[in-house]
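S.K.: Knowing the structure of chain A, use the given hints to seat chain B on it.
2 protein chains.
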Amino acid sequence: MMEVSEAVAAVLREASPFEPQAIPLMDALGLVLAEDVHADADSPPFDKSLVDGFAVRLADCVTPLPVIETVSAGQVPTRSLDHPAAIQIMTGAPLPVGAEAVVPVELTSEQTDANGIQQVSVPIKVASWKLSTNILRRGASTKRGDLVVAAGSELRPQELGALAEYGRSRVTVRRRPRVAVLATGDELVPVEQTPGPGQIRNSNETMLCAQLHRAGAEPVPLGIARDERAHLRERIDIGLQVDMLVLSGGVSMGEKDLVPAELASAGVRQVFHKANVKPGKPIWFGVLERAPNSRTLVFGLPGNPVSSLVCFELFVRPALRRMMGVFPAESVAVKARLTAPHATKGDRPTYQPARLEWRADGPIVTAIPWVGSSDLRATVAANSMALFPVGDQTYAAGNVVDVIAW
Amino acid sequence: MMEVSEAVAAVLREASPFEPQAIPLMDALGLVLAEDVHADADSPPFDKSLVDGFAVRLADCVTPLPVIETVSAGQVPTRSLDHPAAIQIMTGAPLPVGAEAVVPVELTSEQTDANGIQQVSVPIKVASWKLSTNILRRGASTKRGDLVVAAGSELRPQELGALAEYGRSRVTVRRRPRVAVLATGDELVPVEQTPGPGQIRNSNETMLCAQLHRAGAEPVPLGIARDERAHLRERIDIGLQVDMLVLSGGVSMGEKDLVPAELASAGVRQVFHKANVKPGKPIWFGVLERAPNSRTLVFGLPGNPVSSLVCFELFVRPALRRMMGVFPAESVAVKARLTAPHATKGDRPTYQPARLEWRADGPIVTAIPWVGSSDLRATVAANSMALFPVGDQTYAAGNVVDVIAW
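These protein sequences, in sequence, are chains A and B.
In this text, residue positions in the first sequence follow the working numbering: the first is -14, and each later residue adds one.
In this text, residue positions in the second sequence follow the working numbering: the first is -14, and each later residue adds one.
Just chain A, same shape as in the assembly (with noise of 0.2 Å):
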């Protein structure tokens, strides 16, 4: 039986990234940039004014100066400041030929002399400024052809600010993996109907189609698929036409767990079956080779719920980073202290349901107490999971243990 670590390090070498392909900028959310961006321009690509005020030379801010012009954004000065004079300009407009600093408007008064010519005055300490008051000169945030956002980013709303700003209206990435969710077993019923006697609502359906999504992965439910060979076959088949298909339940040891065999007969390569982890312990995962670089990923979770989280996180979670580019692809864990003391026993290592806080002086983690693998609502006051090696042990309060996040 594989250990987690080994278990994810035969997912990764399974899973490749997918080829980079060109989408609309608008699409390209949280997804990871496959190419280097360098900027098409300087920017700003002006000599820009940073207020809304007056272009002038500094030593001529000793009279009032005539206003020869007025910028506004999106104009162009059609005047220079060879001689005392003032240009009036707005905030991001392009400075005139000459300018060496502005005036904002709030600092300076206007009249119009006796010629009818708009003058304004400035307050004599403009004449000691520094060169560039108030003015960002072209290229000094980025010169035309700096790197702007590096390959193998992820995209967040100030990149695609930034791919914006150098024009790029599409972006090469990898794409959002299609992913389909099919949970088996003849006890299932859906969630808006009432259970019989013996059965239960789907409920890993919702709930991994909505990890799913929170991966930045496109969920495709495909219901739920009875305990009989054909029917589970029809929709394995469905499953397989897509990037990759999470199933929940039918894998353990029961007669009924007929998700294997189903698997291995519509040509899926079992890689393993069985990691040594709890909750989780039935896991299984193949591949199958649909055309010459055209794969799909096959896991099988085990039907409880909290198995199909956890194996979720540990497994599945790395392979559709892999296939997005997300670096690195596994799951990194944090070091926190225990608020409280626990006790763990079992014959393998538990990835247990926890509340992981930050806090000024480092990270802290609760264990929430669960009754096991179909605990779902434990699950609700976590958002992690602890780390407890195998065996019989009893962890102080302070005691330091790896703590991976949902």
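Bear in mind the hints are in silico, worked out from the structure with no lab data behind them.
It is possible that some hints are incorrect.
Just so you know, same-sequence chains aren't split out, so a pair can sit in one copy or run between any two.
[Unchecked claim] Derived pair list, reagent style DSS-like, types lysine-lysine, alpha-carbon separation capped at 30 Å: (1) K115 - K259; (2) K320 - K115; (3) K266 - K330; (4) K320 - K266.
M.R.: Relative to chain A, chain B alone:
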């Protein structure tokens, strides 16, 4: 001029939580539950087996036992254990009356006796097992009527799973705000266009729409409004039909800064104009009463992209949280240690792009150098903003400052 805390308080006085409404569970990811949801049944709803194996009475486990029935998940046992016998049972299936434990199939061996009756042998040690080994008793995780997810909870995958388990195919939430985004200014051209002299691309629309997505809102991009009254007013009137209108540009002291006047003429009541903040001083906020209990909040953000980004996080985000029922609505600052010395100067509290990192001994923060509020590239290296109070100050590495994560 208002301080940031006063301005946020003024925004939150005008923003009301939406009326709760029922929506499909599958659409509720990331929203806030507006009702307490209680269990409609015990969980598990029946005594169930945790393993694939044989249900037995402990005292009977001293001789091979006849297998009198097989129960799969979804089936109901028809026999009871009122005499020495075993009932084969699958994970998740309901237990027969009288069962005291389930012996995993891996620990057993089966044979057929002289009469052709299937017999199972179990290890003798089973006789000394604790009652209920490998059994999850009805209601062990949740009793009918227990609170499953509380009003005010953010709906994450595990909450959706728990709500599905209890049959909530529709849930009562506060809906996503619809937010119009309107960039203003004659200097702006669309992203796919090459700017002419004095022009720049409209990066704010892409960035603000992405920020809205991340905040759980539905952006309605309205393109670019020219600095021309009739055209601006027409765009504003469209934007005023949804829950919120976010404009960028046109709110400072320039002659073409038409936004406040056009908003006023459209009936929008100004709440404040300007806040003591860098970047973002010219920020404008107001409210239109469209009908009783139906209002549009209007934010005029400064046009420089970093100002827009920062003002969105400082002022718009809290309003969205309030509308969606997120508590607290205010942004929560983290205390983090500076990784390097930092000098500030200026007449306003500065929210500087920064990189916040969580370390084992607490959060650390690095201020990102920037050339001002148009320097969007600086924000690409950032994931937060660090607050430096007003005044000329030198901070040493290790000094603690407030940081708001984006």
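S.K.: Need the list of violated hint numbers for this structure, in ascending order.
M.R.: 2
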